[in-house]
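**Student:** The task is simple: from the sequences and hints, build the whole structure.
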Amino acid sequence: MKLLARWFSASVALFAVAAFTCPKTALADSYTILDLGDANARSIYGMDTAGDVVIYGNGCGTFGPCYTTFIDGVASSHSESAPDMVYDDGTPCTSTPAGFNAAKKVCNSGYVGLGTLFNANGNPNGAYIGSGDDFQFLHSGSADQVFLNSVGDFTWTDGSGEEIYEAIDTTVSTVPEPGNLMLVGTGLLLFTAAVRRRALRKTQTHKIY
Numbered sequence: 001m002k003l004l005a006r007w008f009s010a011s012v013a014l015f016a017v018a019a020f021t022c023p024k025t026a027l028a029d030s031y032t033i034l035d036l037g038d039a040n041a042r043s044i045y046g047m048d049t050a051g052d053v054v055i056y057g058n059g060c061g062t063f064g065p066c067y068t069t070f071i072d073g074v075a076s077s078h079s080e081s082a083p084d085m086v087y088d089d090g091t092p093c094t095s096t097p098a099g100f101n102a103a104k105k106v107c108n109s110g111y112v113g114l115g116t117l118f119n120a121n122g123n124p125n126g127a128y129i130g131s132g133d134d135f136q137f138l139h140s141g142s143a144d145q146v147f148l149n150s151v152g153d154f155t156w157t158d159g160s161g162e163e164i165y166e167a168i169d170t171t172v173s174t175v176p177e178p179g180n181l182m183l184v185g186t187g188l189l190l191f192t193a194a195v196r197r198r199a200l201r202k203t204q205t206h207k208i209y
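When the letters of the sequence shown are read in order and numbered with this note's numbering, they come out as residues 1 to 209.
Honestly, I wouldn't trust all of these hints.
What the hints assert, rightly or not - Restraint-style ranges between C-beta atoms, simulated for each label pair: (1) Ser81 with Phe137: 33 to 41 Å; (2) Thr96 with Asn58: 30 to 38 Å; (3) Thr96 with Pro65: 29 to 37 Å; (4) Gly64 with Phe137: 33 to 41 Å; (5) Gly161 with Gly59: 17 to 25 Å; (6) Cys60 with Gly110: 34 to 42 Å; (7) Ser95 with Val74: 29 to 37 Å; (8) Asn121 with Cys60: 41 to 49 Å; (9) Ser30 with Ala75: 20 to 28 Å; (10) Asp144 with Ala120: 20 to 28 Å; (11) Gln136 with Asp84: 27 to 35 Å; (12) Asn58 with Tyr87: 16 to 24 Å.
Stated by the list, open to error - Under the rule of at most 20 Å between Cα atoms (straight-line distance), these lysine to aspartate or glutamate pairs were calculated in the DMTMM-like manner: (13) Lys104 with Asp88; (14) Lys104 with Asp144; (15) Lys104 with Glu162; (16) Lys104 with Asp89; (17) Lys104 with Glu163; (18) Lys104 with Asp133; (19) Lys104 with Asp134.
Just so you know, these hints were derived from the structure itself, not from any lab.
Here a beta-carbon is modelled for each residue, glycine too, at the ideal position from N, C-alpha and C.
**Tutor:** In structure tokens form, the structure reads like this:
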């Protein structure tokens with residue numbers, strides 16, 4: 001029984017080391033592309049952390065300005081004044097990823113959104129998103145305006161096609177979180193302790209007799 005307890009203790013230790021040191025395979029984010037309508041005489045005003053996009057143009061029933069808020073690609077409200085939203089549009093990037101010729105680029109929380117044309121790497125003109133050296137193609141055309149929030153949602157104006165688009169990050173993470181790994185490790189340690197206590201009791205019982 002002592003041998004079993006020692007073997008299990010070693011197994012727990014190996015599990016803990018493997019769980020925290022083995023590299024996890026990075027999966028590309030998944031995106032849903034939404035068409036927010038004609039870009040003719042309309043432009044993007046901003047986007048918030050929830051992915052809601054405000055488009056500025058004419059047509060609220062008067063000749064004045066009109067702000068239209070899109071939620072999940074659907075126009076949900078119109079206003080003649082800018083809505084009270086906290087915008088999370090990102091900031092201009094300081095560099096361009098290798099192989100891309102970016103006419104527009106925006107960075108936010110490790111994400112990079114690009115509007116490219118005539119790329120040296122041979123990739124088609126259009127909108128891209130990614131980080132480091134890993135970028136995925138979202139849509140062909142151009143990107144005359146680019147906005148990117150901190151959770152990876154990207155919206156842009158395609159001037160060549162006169163259309164406004166939004167890419168919603170729909171990725172569901174499958175990598176175990178450290179908290180979950182700690183719970184599993186704690187449970188295994190408690191089980192090991194119970195096995196060792198049981199082995200100790202049996203040893204003491206044999207000594208009595």
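**Student:** So, for every hint listed, does it hold in this structure?
**Tutor:** Comparing the hints with the structure gives:
1. Ser81 with Phe137: 33 to 41 Å: Check passed, 37 Å falls within 33 to 41 Å.
2. Thr96 with Asn58: 30 to 38 Å: holds (35 Å)
3. Thr96 with Pro65: 29 to 37 Å: For Pro65 against Thr96, whose Cβ atoms are near 34 Å apart, the range 29 to 37 Å holds.
4. Gly64 with Phe137: 33 to 41 Å: Holds - the Cβ-Cβ distance for Gly64 and Phe137, about 38 Å, lies within 33 to 41 Å.
5. Gly161 with Gly59: 17 to 25 Å: Holds, at about 20 Å.
6. Cys60 with Gly110: 34 to 42 Å: holds (37 Å)
7. Ser95 with Val74: 29 to 37 Å: holds (36 Å)
8. Asn121 with Cys60: 41 to 49 Å: holds (43 Å)
9. Ser30 with Ala75: 20 to 28 Å: holds (24 Å)
10. Asp144 with Ala120: 20 to 28 Å: holds (21 Å)
11. Gln136 with Asp84: 27 to 35 Å: holds (34 Å)
12. Asn58 with Tyr87: 16 to 24 Å: holds (21 Å)
13. Lys104 with Asp88: holds (17 Å)
14. Lys104 with Asp144: holds (7 Å)
15. Lys104 with Glu162: holds (16 Å)
16. Lys104 with Asp89: Holds, at about 13 Å.
17. Lys104 with Glu163: holds (16 Å)
18. Lys104 with Asp133: This hinted pair holds, its Cα atoms lying about 17 Å apart.
19. Lys104 with Asp134: holds (18 Å)
Hint check: no violations occur; every hint is consistent with the structure.
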